[in-house]
Amino acid sequence: MDSSNLTSVIKHWVELYSDSMYSWAFYKTSNKEVSEDLVQDTFMVAVQTFDTFKRKSDPKTWLFAILNHKIYDHYRKNFRSPILIENASLQNLFDSNGSWTPEEKPQLWGDDTEHLLDDTEFQKTLKLCIGRLPENWSMAIHFKYLDERNSEQICQELGIATTNLWQILHRAKLQLRKCLELNWFKK
Amino acid sequence: MHTLMLSCRKASELIDKKSMVKLSFKENIQLHLHTSMCAGCKAYQKQSKVLDHLLQKHLRSNDPLGVPQVINNDLKNEIISKL
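In the order they appear, the protein sequences are chains A and B.
For the first sequence, numbering that gives the first Met the number 0 begins at 0 and goes up steadily by one.
For the second sequence, numbering that gives the first Met the number 0 begins at 0 and goes up steadily by one.
Hint data in this document are derived by calculation from the structure and do not stem from the laboratory.
Worth double-checking, as some hints may not be accurate.
[What the hints assert, rightly or not] The calculated BS3-like cross-link candidates involving lysine-lysine, where the alpha carbons are at most 30 Å apart (straight line), are:
| no. | chain 1 | residue 1 | chain 2 | residue 2 |
| --- | --- | --- | --- | --- |
| 1 | A | 177 | B | 17 |
| 2 | B | 81 | A | 10 |
| 3 | B | 56 | A | 126 |
| 4 | B | 75 | A | 76 |
| 5 | A | 126 | B | 45 |
| 6 | B | 75 | A | 126 |
| 7 | B | 41 | A | 177 |
| 8 | A | 185 | B | 75 |
| 9 | B | 48 | A | 126 |
| 10 | A | 123 | B | 45 |
| 11 | A | 55 | B | 56 |
| 12 | A | 76 | B | 45 |
| 13 | A | 126 | A | 53 |
| 14 | B | 48 | A | 185 |
| 15 | B | 9 | A | 104 |
| 16 | B | 81 | A | 53 |
[Claimed, not checked] In silico contact screen, one side only, chain B against chain A (beta carbon under 10 Å); selected entries:
| no. | residue |
| --- | --- |
| 17 | 6 |
| 18 | 28 |
| 19 | 32 |
| 20 | 44 |
| 21 | 51 |
| 22 | 54 |
| 23 | 56 |
[To be verified] Covered stretches of chain B, going by a simulated chain A footprint (3 or more residues, C-beta under 8 Å):
| no. | stretch |
| --- | --- |
| 24 | 12–23 |
| 25 | 67–81 |
For every residue, glycine included, the Cβ atom is placed at its ideal position computed from N, Cα and C.
Please work from the sequences and hints to get the whole structure.
Structure representation (structure tokens):
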């Protein structure tokens, strides 16, 4: 394919998909500039690696695969090795013996947790709670759950010890649980 | 305190540790003993699994149309101008 043809194909894709790609990147990163850069980079990669794109596959799928890779890379680059500080909101979870304090003791959430994500209001609450985590905790969460990578791979890429990673995730989950309980289950 | 008896603080740590790495034999026994007697940690164990599931589905969900759509024409024009 000559370059003018290539340009017109990519241009067409920009028209078709850049909004949904931007929306997706924004949803994942909550940052306008970062999302714009990620989408731009994605199209630059698409131009450079167009030969590897098989005509039979769906361009949208291909572009989103590149974009998701870029999003992951963004998290990896921006992860600063976290210092474990006791988060103020976690201080009152346990008493001096390490037992749950009466008001913080986890209560069962009920059995219908399977369909929670079908509820857009719940999705909003979950996103809100993730957004309230300290930045590095939230990044660790994204790393852990964003794709199929296992713990060792994540630790290697982030340059932290496995112990450090699960301790961060543990604290993040304690805080998420509390936030969901306050803003959803007890409402 | 007996060496096999965990505090809730420690038990909740092991619950989340377990979802990432294999626990030692001793840790498994300790955790099992603790959760069999402690309703709070038993509930947390369930919640920890629910959280794993929710986060995985929420963050890995690959349905870009399921997220709020934002029109960004400036971005569109900028990319096209650079092609």
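Here's how the hints hold up against the structure:
no., hint, in the structure
1, A:177 - B:17, "holds (20 Å)"
2, B:81 - A:10, "holds (10 Å)"
3, B:56 - A:126, "holds (12 Å)"
4, B:75 - A:76, "holds (26 Å)"
5, A:126 - B:45, "holds (21 Å)"
6, B:75 - A:126, "holds (27 Å)"
7, B:41 - A:177, "holds (16 Å)"
8, A:185 - B:75, "violated (43 Å)"
9, B:48 - A:126, "holds (18 Å)"
10, A:123 - B:45, "holds (22 Å)"
11, A:55 - B:56, "holds (28 Å)"
12, A:76 - B:45, "violated (33 Å)"
13, A:126 - A:53, "violated (35 Å)"
14, B:48 - A:185, "holds (19 Å)"
15, B:9 - A:104, "holds (14 Å)"
16, B:81 - A:53, "holds (24 Å)"
17, 6, "holds (3 Å)"
18, 28, "violated (18 Å)"
19, 32, "violated (15 Å)"
20, 44, "holds (9 Å)"
21, 51, "holds (8 Å)"
22, 54, "holds (4 Å)"
23, 56, "holds (6 Å)"
24, 12–23, "holds (count 5)"
25, 67–81, "holds (count 11)"
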